[in-house]
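Sequences listed follow chains A and B, in order.
Position 700, counted from 1, in the first sequence is what our numbering calls 1235; the numbers after and before it change by one each time, with no gaps.
Position 629, counted from 1, in the second sequence is what our numbering calls 1164; the numbers after and before it change by one each time, with no gaps.
Please note that a few of the clues may not be correct.
A pair holds if it fits inside one copy or across any two, identical chains being indistinguishable in the list.
Said to hold, decoys possible - Here are the simulated lysine-lysine pairs, DSSO-like style, with alpha carbons at most 27 angstroms apart: (1) Lys1161 x Lys716; (2) Lys1061 x Lys932; (3) Lys1285 x Lys1359; (4) Lys1035 x Lys705; (5) Lys804 x Lys1217; (6) Lys1359 x Lys1322; (7) Lys1385 x Lys1322; (8) Lys594 x Lys932; (9) Lys888 x Lys1285; (10) Lys624 x Lys1359; (11) Lys538 x Lys1322; (12) Lys716 x Lys1042; (13) Lys888 x Lys609; (14) Lys1217 x Lys624; (15) Lys1042 x Lys704; (16) Lys624 x Lys888; (17) Lys1030 x Lys723; (18) Lys1394 x Lys1061; (19) Lys1360 x Lys1385; (20) Lys888 x Lys851; (21) Lys1360 x Lys932; (22) Lys851 x Lys804.
Please keep in mind that the hints were generated in silico from the structure rather than gathered at the bench.
Number of protein chains: 2
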Amino acid sequence: MTKHVYTFGSDRNEGGATLRNLLGGKGCNLAEMASLDIPVPPGFTITTEVCALYYAEGKRLPDAVVAEAMEALKWLEGARGLGFGEAEKPLLLSVRSGARVSMPGMMDTVLNLGLNDRTVLGLEKASGNPRFAWDSYRRFITMYSDVVMNVHASLFEAELDHLKERSGKKQDTDLGAEDWKSLVATYKEIVQEETGRPFPQNPMEQLWGAVRAVFESWNTPRAVTYRRLNRFADDWGTAVNVQSMVFGNMGEDCGTGVAFTRDPGTGEKAFYGEYLINAQGEDVVAGTRTPQPITLRQAEGTGLNSLEEVMPETFKQLLTTANRLESHFRDMQDIEFTIERGSLFLLQTRTGKRTAMAGIRIALDQVDEGLITEGDALRRIDADSLSQLLAPVFDPKEKEQLRRDGSLLTRGLNAGPGAAAGRIALNAEAAERMAVAGPVVLVRVETSPEDIAGMIAAQGILTARGGMTSHAAVVARGMGKPCVCGASALNIDEKAGLVKVGGITLKAGQDWISIDGSTGEVFAGKLSPHPSEVNQVLVDGRLAAKDSELYLRFARIMAWSAAAKRMQVRANADTPQDSSVARAFGAEGIGLCRTEHMFFEGERILAVREMILAGDLEGRRHALAKLLPMQRSDFEGIFAAMDGLPVTIRLLDPPLHEFLPNDEAGQAEMAKVLVTSLEAVKRRVQQLHEVNPMLGHRGCRLGITFPEIYRMQVRAIAEAALDSGVRGILAVPEIMIPLVGTVRELTFLKAELLDEIARVNNERQAQFAAPMGTMIEVPRAALTADKIAVEAEFFSFGTNDLTQMGFGFSRDDAGSFLPEYVAKKILEDDPFQTLDIEGIGELVRLAVEKGRGARPGLKIGVCGEHGGDPRSVKFFHRTGLDYVSCSPYRVPIALLAAAQAALEP
Amino acid sequence: MTKHVYTFGSDRNEGGATLRNLLGGKGCNLAEMASLDIPVPPGFTITTEVCALYYAEGKRLPDAVVAEAMEALKWLEGARGLGFGEAEKPLLLSVRSGARVSMPGMMDTVLNLGLNDRTVLGLEKASGNPRFAWDSYRRFITMYSDVVMNVHASLFEAELDHLKERSGKKQDTDLGAEDWKSLVATYKEIVQEETGRPFPQNPMEQLWGAVRAVFESWNTPRAVTYRRLNRFADDWGTAVNVQSMVFGNMGEDCGTGVAFTRDPGTGEKAFYGEYLINAQGEDVVAGTRTPQPITLRQAEGTGLNSLEEVMPETFKQLLTTANRLESHFRDMQDIEFTIERGSLFLLQTRTGKRTAMAGIRIALDQVDEGLITEGDALRRIDADSLSQLLAPVFDPKEKEQLRRDGSLLTRGLNAGPGAAAGRIALNAEAAERMAVAGPVVLVRVETSPEDIAGMIAAQGILTARGGMTSHAAVVARGMGKPCVCGASALNIDEKAGLVKVGGITLKAGQDWISIDGSTGEVFAGKLSPHPSEVNQVLVDGRLAAKDSELYLRFARIMAWSAAAKRMQVRANADTPQDSSVARAFGAEGIGLCRTEHMFFEGERILAVREMILAGDLEGRRHALAKLLPMQRSDFEGIFAAMDGLPVTIRLLDPPLHEFLPNDEAGQAEMAKVLVTSLEAVKRRVQQLHEVNPMLGHRGCRLGITFPEIYRMQVRAIAEAALDSGVRGILAVPEIMIPLVGTVRELTFLKAELLDEIARVNNERQAQFAAPMGTMIEVPRAALTADKIAVEAEFFSFGTNDLTQMGFGFSRDDAGSFLPEYVAKKILEDDPFQTLDIEGIGELVRLAVEKGRGARPGLKIGVCGEHGGDPRSVKFFHRTGLDYVSCSPYRVPIALLAAAQAALEP
C-alpha cells in the first residue's frame, strides 16, 4: 500500500533528503535535519502525491490519507506530551505547504492551529503569558480566515489599527492581553458577518480546512504564474507539513529569524541573517517590523543589537548548526529558526538563493574549500544569470554629480544588484501599462505575490519596508532585477500618485527615479546605465583591471567552462569592435558576420541605392565597384580582430527594398543625390514592394538573380584575406550562403563564386581558398539536408527563420497572439527565446542526421539567437552540433551552458 | 564492347521496338517495321548514348563510333547496290534526329546528303530526270547550309523568289532543270560568301557534319524549351538515323505524305492523311504547298484529288500497312511514307498525337474492338488534357449574329479544338508582350519552333498556311490550344501590322479576332467564350443532353476511373452552385468549404466589419449574432447540394484586415455606415496591419484569441445540419481547423467548439455530432503529426501553405525569382503547380507516417490546388492518402489521375 504520511523529528523519523519529490523541499529537509539530531519541532508530512489524488477525486481527501494522518497526529501528541484540542495542554500546529522546489511567498501558511475559545485558556495557563496566548489566537484567526475562509486580512488589520487609534498605542508591542482578547471577539464577529458561519472551534475541522487550503493554493493564479515563470511542472504538486508549534513570541527570551550560511548578495563566507525578539516568523518575512542583524559584524556601526550580542550561547549553537547544515548539504543554506525560551529550533533549511555574483563567489570558494568539485560549481551556476554580471551600472561620476545636486534621496538595502532608472509606477498594473512606453521602476511600500507581473515589467524595484529576505528582495534577485529594499524614508501615497522624501515630491507616471541595487542608493532623476564592471574590464581590453576580484572569479569560471565543454562557442559580430568584445569574452570565432549591416553606413548606402536603381548589369557592376573597396576594408578589420580564428561571413541576405527610403522626403533626397527623378525612385520602391518580405526575394535568391552582388562580396573576402596575410594576419574566412532551400541553389552559386575566386587568384598569382557552406533556415533545407550536404562544406542553423517558417509565425507580427498563446499554455515558451525542441528541434535533428549521413563529420553550428539561450544550447549539444554562435554579450552564458551540457549525465 | 551503331532494313535488322531508349523512337520503329517486312529504306542508327559521349568528349565523336558507322555504311552501299560519293550510282542519305519521344519540329533533318557537283550528274543519269537531280541538289544545299553551316534558309529562298520574279514563273513546279542548276551555282556562292568556305564537296565531310549537327541540335534553346515544356530529361539524348534516300519527287508517279490510322482531331475510326505528288516530305510538313487528302471520303465535296483515286493500288497497300501497324503497336499510328515510281516506302511510324476528345474516343473504340483493356485506355489518356473537354466554346447564337453581320472572315482547318478570342498579335514577341494586358490570338503565315513562347502566351493560334500536320497544328494540339490552320484567305502584312481578308482590314495590337478550332471558323470581333459541351451538360444538370456522344464517352471514362481508383476525389467549393457542379463531375464530397468567402457578400461584410471594430467581446457577439443566420443558410444550401456526402468546412482562415477597406474612400464609407469616425476605422486598419500577413494573426490563431467567432461558425453548422435533417436532407459536415502548428491549439479549440455544440444540442434536445480535424499546412504540424493525431479526427494537407512555408516562398512575391529559378533549372517545376515531392512531399510522407502511427486508420486528404494536378495526385496515392480535393472543374482530371495511380505497377 502506498504510504501517504511521513513523520519527522523526535523518535520517529520516516523521511530524508532523498525523498524531495515525494515530501517536498521543506518536508524532506526537516526529516533530514532530525536525522542529524538537529532540534526540529516534530510533525508529519502529507506527500505531494496526495495533492494529485485530491484533485483527481474532485477536491476530496481519500479516506486512507485521513486515517494515516490521524495515526501520525496521535504519535505527535505523545511525542510532545500535549493533546490536540485538549483544554489543559493543547498541542498547536503549523500547517505549511512544501513543493519539491522552494517557491517563496507563493504558498499559504497557517500558524497556531488548534486554538479555540477553550484551548486559548489552556495556552494562557501553560505559558503563564495571557498576552502571548491571546495574541497567538488573534494571529491564528487572521491567518486562517484569510487563507481558508477567504476573509481578507485587511478587514482584521483595520480593526487592529482602529484599536490602536482608540487606545493611543502605537506599536503592536504596546498592546496587552485584554486588547488582544477584545480583538479576538471582534475578529470572530467579522468572520460570522463575512461568511455567515462562526469561526470554527473544532480543531479537527481547522486542521482539514488548512490542509485543503494548502492543496487549493497550488492552483491559485499567482502560484500558476510563478510556476510558469520558473518553468515548474503543474503536476509536481505540493506536500503539506503539519508541525508542532514552537513559539518565538512568548517573551523577551524568545525570538525568530532567518539566516544564510554565506552572504547571498556578495557570496562572502560570512554568516548572515536577521531576527526579531518576541516575534513569529511571519513578522520577519512580512517586513512589518524592521529586523535586527544576527552578527556583530553586520550590526557594526548601525547601533542595532545583534543576536550574537543579545543571546551569545544561542547564537553559537545557531552558527554551529548552520555550518553543519552547509557541510551536509554541500551548498549555502537559507535557514529559518525559532528560539523558544532560550531553546533553538530549526524550522526549515534549504539551498539559499543568491545573486549571480554571489553564486559565482560561493561556488569558487566551495571548490577551494574542497566542499564541491569544479564540475559541481559549473552545474550550480544558472547560466542565464551570468547576464546579471554584464547588466548595466551607473557611472560613478554621473552619480557624484546627482549627489552634489542633492538628488540622492535616500539609501535602502542593496537587495538586488544592478542599476535601473525609469519613471515611477506605484502599482503592478501601472508598471505593466507604462512599460510599453519606456523603462519603469516599481515603487511600493512592500511587494506581495500579486505584484509579480509588475515586477517582471519593471526595470527595477524599490520598497519602503522589508529586509534582504523580504518578498521584494527574494523575487527580484531571482529575476535578476535591481532592487533596493527597506528605504523607509520614502513616503508613498498611492492614491495621490506621489512619492515624498525629504523636501522632494515625485509624481508617479511622470518623474524619473534611479536605483542602484548594488549600493542601495536611490536618486531622483534619470541616470544612464553603463556596462558593468566585468563588462568594462572586457570591453576596455583583455589585460586592463585583471586584478579586479570580480573579473578574476568570472575568468576562472570561464576557464573551467572552456575546459569542460565540447562545443565551440562563436559570436555573431559584424564589426571589428564587436569582434574584439566577443573574443575578449572567449568567443572561438565569428559564427555569423552579417554583411548587410556594412551596406548602411555613410557613403555606402548611396552606392547600394545606385546599384538597386541600375536598370542593367552594367549599371549594377558600376555601383558594386564602388562598394568593393569598402567591403574589403570591413573584412580586413574583422580578420585583424579575429586573427587566427574562423570568421563565417554570410553573403547579402535582406530584400533590396530594405535599402531604399520609405518616405517621400527620403526618396526625393535619394533622387537628388543619384541625379535621377523622384518618379524613378518611387517606381523602383513600388517594384520591390513585397506582400510577405520574409518569404520574398532575398537571401540566395538575390544571389541567383544578381550573381554580380555575391561575386563582389566574395572578391572582397578573398582580397581582404590575401591583404591581411601580407600584414602577417591569419584570416580564416568561411563563406556562408543564406536561405538555401534546394541543393541546386548552392550548386549554381558555388560555381559562380569559385569562378570569382579563381579570377582573384589569377590576378594576384595567389592560392586563396575558403570553405563554402550554407545556412539551414528554410524547412525544406532541413528536410533535404542529405542532398544539400553533398555541396555544402558546413551547415549553420538559422533558428530564427527556421522558427518563423516552421511555425508560420512572423516575428514582426506574432505579438498580436504569442503572449496569449503563452498565457493560455498553448506554448510553454516564446519559441523565439527558447528553441521549440519538439517541432523546430525535430527539423534540426533531422538535418544533422541527414547531413552527416551524406557527409560524415560535416561541421554544423547554429547562429540564431537561440545560440545564447542555455536550454537551447544544451539541446544543440545533445544533438551533436560543433558550435553555437550568439551575440558577444551572451558568449559567457553560452560557454557555461555548453560546459553544463557536457557535464550532464 | 558497347555497340553504338544498329542497322535496319534489308537483310540486316539489328534493332526493334524494345530498344526505344537506345535507338530513339524513329530508329527503333524503323527496325520494328523492317522486322514486320514492311518496306523501309535501309539505313543505320547511331545510338542515343553516343549523344552523351559526344558532349562528354568535348563535342567529338569517339573513334570507335566512327569505325562502326563506316562499317554500317559499307553494308548499306551493298544493300542498295549504290556507292556513297560514287559518281555513277550515288547512294544518297537522309540524316535525321530521333529521341526516345517524338519532338515534332524540334530537331533538324538533312535530305539528299551525298550530292555534290559530281554525284548530281550521276543522279541525273540514273533517274533520267535532270530537273529532279538539280532540284534535289539545291534542296540539299539549302538544308545543309541552314542546319550545319548556319546560313539562314531565307537567303536561299530570296534568290528563288528573285528567279521566279525574273522568269515570270509562279510555282516551284514551273521551274525547270536549268533554273535549278543556275540556282545551285548562286547558292554555292552564297555559302562561300557567308561562311568564307566553299560548300563541302566531300560526302564524308557532309555526313559527319550532319551527324554532329543533329547532336548539336539537342541543345539548341528551342529544343531545351520544348523539353522543359514537356518535362523530358536532358540526359536522354538523341539518336541519329542515317537512311538511304527514296524519292517522292522524281515525277508524277512519285509522292510523299503523312497519314493517321484514325482521325487525330475527332478520333473517328477513319484512315486519314495528306499527301503531295512529286514532292519531298518537307513540302507537306512546311505547308508551302497545300496538301491533298488521302481518302475519297476526305476529298468529298472539295474537288481535290485523293490518293485513293489517283493511285488506288498504292493506296490499298498503304491502308493495309497502316492497319497492320496499328494492330501491332496497339495504338493509333502517325506514319510518313514516300512513293518512289509507284513503290511504297514507310519512313516512319509513331503513336499519333491527338486531341483530348479524339484520345478518349480512340481509347474507347479500341477497348470495344478488343485491341486494348479498359486499364490501357485509362493509362493512355493524359489526365491534364481532360481540361480541354471543359475549355470554352462560343455560343452558337452569338456566332450566328456575327455571321449575319458579315464578320465571318473565312474558314480554315479545325486543327486544334476549342474557341479563343483575343487581340491580334503578328509575332511571338508581340504575343508575349500583349498577353500581359489581355487575351491574344497569334496570327502567322505559318509557325516555326521559334514561335513556341508566343504560342504559349496566346489564347489561340491562326495560320494562313499549313495543314492538320503542320507545325502550328501539332504543337497547338499538344498544348491544348485552339488552332485554325491553312486559312489561306488571310493576307498578313507583318511589317504594316495588318491582316486583310475580303474587304476587311484588321489592325494588329488593337483589333479582336475570334477563332473556333473545332469548326475552323474565323471571325472579326470579340466572341465570348462559354463552357464547352461536356461542361454544359454537366452544369445544366446531370440528366440534360445525356445522349450527347461526347458526354457519353466522357461519362464512360469517368465511370471506369471511378471503378479503378482507390482514392476518393472531393471538390473545393464554397457555394451550392459550385457544389452542384462538383457533384455532377463526380466529386464524392466537399474537401474544402472556405467559410470566409461567405463573409464578403452584401450585408454580411458590414456585420463582419462591425465585429472587427468592436472593442470588446460583447460588441463582437452582437455583430456575430447578425452573421449567424446568414452563415447557417449558406451551410443549408451546401448540405442540400451534397445530400448524403461529406462536407469539410474550414473555419475562418484569413487575417481580419482582409475584410477592411484599404482606401480612404472605402474607410469613410464604412465609418458612415457603421456610425463611427473615420479615425476609428483608420486606427483599426493600422492596428491590424501586418508585415508578413501570410505568417500572421490568422487561421486558428484567430479562433484562439476570439473563440466567439469559431463558436458562431460551429453553431451555424450544427443548426444548419439539424434543420436540413428536418427537411429530409442528410448533412454530413466535418469541421476543419486551419493553420494548426501544435496539438494544444487543437485541444483548446476542440473544448470550445464541443461546448458550443453541446449548447445547441441542449437547446434543441438534439444529438448533433461531427468529426473535428485539422489542416496540415504549417511545417511544424507535419513534424509533430503524431502528437496532433491524438486530437485530430482527420488530416487535410493544405499543400499551398505547406509549400509557401516549407520553401519560404510567398506566392504573392515569388514572381520576382521563380521564373528565373525554373529557367536556370534550380527548380524543375513551379512548386505551386506540381508538388515538390523531394521536399514538401517529405513533409507529407512524414505526417502520414506519424499521424497513422498515433491513430491507425486516420483519414487523410489534401485540399490544396495540387489535388487537381495529375503528377501530384499520383504521389498522394502512393503516399496512402484517402482523398484529394480540387476545384470542381479539375475533378474529372483528379478522378482519372487517381485511377491511373491505382493502375501503376
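Going down the list of hints, with the structure as the test:
no.: 1; hint: Lys1161 x Lys716; verdict: neither (90 angstroms within a copy, 63 angstroms between copies)
no.: 2; hint: Lys1061 x Lys932; verdict: within (14 angstroms within a copy, 84 angstroms between copies)
no.: 3; hint: Lys1285 x Lys1359; verdict: between (47 angstroms within a copy, 14 angstroms between copies)
no.: 4; hint: Lys1035 x Lys705; verdict: within (22 angstroms within a copy, 113 angstroms between copies)
no.: 5; hint: Lys804 x Lys1217; verdict: neither (68 angstroms within a copy, 62 angstroms between copies)
no.: 6; hint: Lys1359 x Lys1322; verdict: between (40 angstroms within a copy, 18 angstroms between copies)
no.: 7; hint: Lys1385 x Lys1322; verdict: both (8 angstroms within a copy, 23 angstroms between copies)
no.: 8; hint: Lys594 x Lys932; verdict: neither (60 angstroms within a copy, 79 angstroms between copies)
no.: 9; hint: Lys888 x Lys1285; verdict: neither (54 angstroms within a copy, 42 angstroms between copies)
no.: 10; hint: Lys624 x Lys1359; verdict: neither (50 angstroms within a copy, 94 angstroms between copies)
no.: 11; hint: Lys538 x Lys1322; verdict: neither (57 angstroms within a copy, 35 angstroms between copies)
no.: 12; hint: Lys716 x Lys1042; verdict: neither (42 angstroms within a copy, 111 angstroms between copies)
no.: 13; hint: Lys888 x Lys609; verdict: neither (36 angstroms within a copy, 99 angstroms between copies)
no.: 14; hint: Lys1217 x Lys624; verdict: neither (91 angstroms within a copy, 74 angstroms between copies)
no.: 15; hint: Lys1042 x Lys704; verdict: neither (32 angstroms within a copy, 108 angstroms between copies)
no.: 16; hint: Lys624 x Lys888; verdict: neither (39 angstroms within a copy, 109 angstroms between copies)
no.: 17; hint: Lys1030 x Lys723; verdict: neither (30 angstroms within a copy, 108 angstroms between copies)
no.: 18; hint: Lys1394 x Lys1061; verdict: neither (48 angstroms within a copy, 63 angstroms between copies)
no.: 19; hint: Lys1360 x Lys1385; verdict: between (33 angstroms within a copy, 24 angstroms between copies)
no.: 20; hint: Lys888 x Lys851; verdict: within (24 angstroms within a copy, 105 angstroms between copies)
no.: 21; hint: Lys1360 x Lys932; verdict: neither (47 angstroms within a copy, 64 angstroms between copies)
no.: 22; hint: Lys851 x Lys804; verdict: within (17 angstroms within a copy, 115 angstroms between copies)
Against the hints set out earlier in the document, violations occur for numbers 1, 5, 8, 9, 10, 11, 12, 13, 14, 15, 16, 17, 18, 21.
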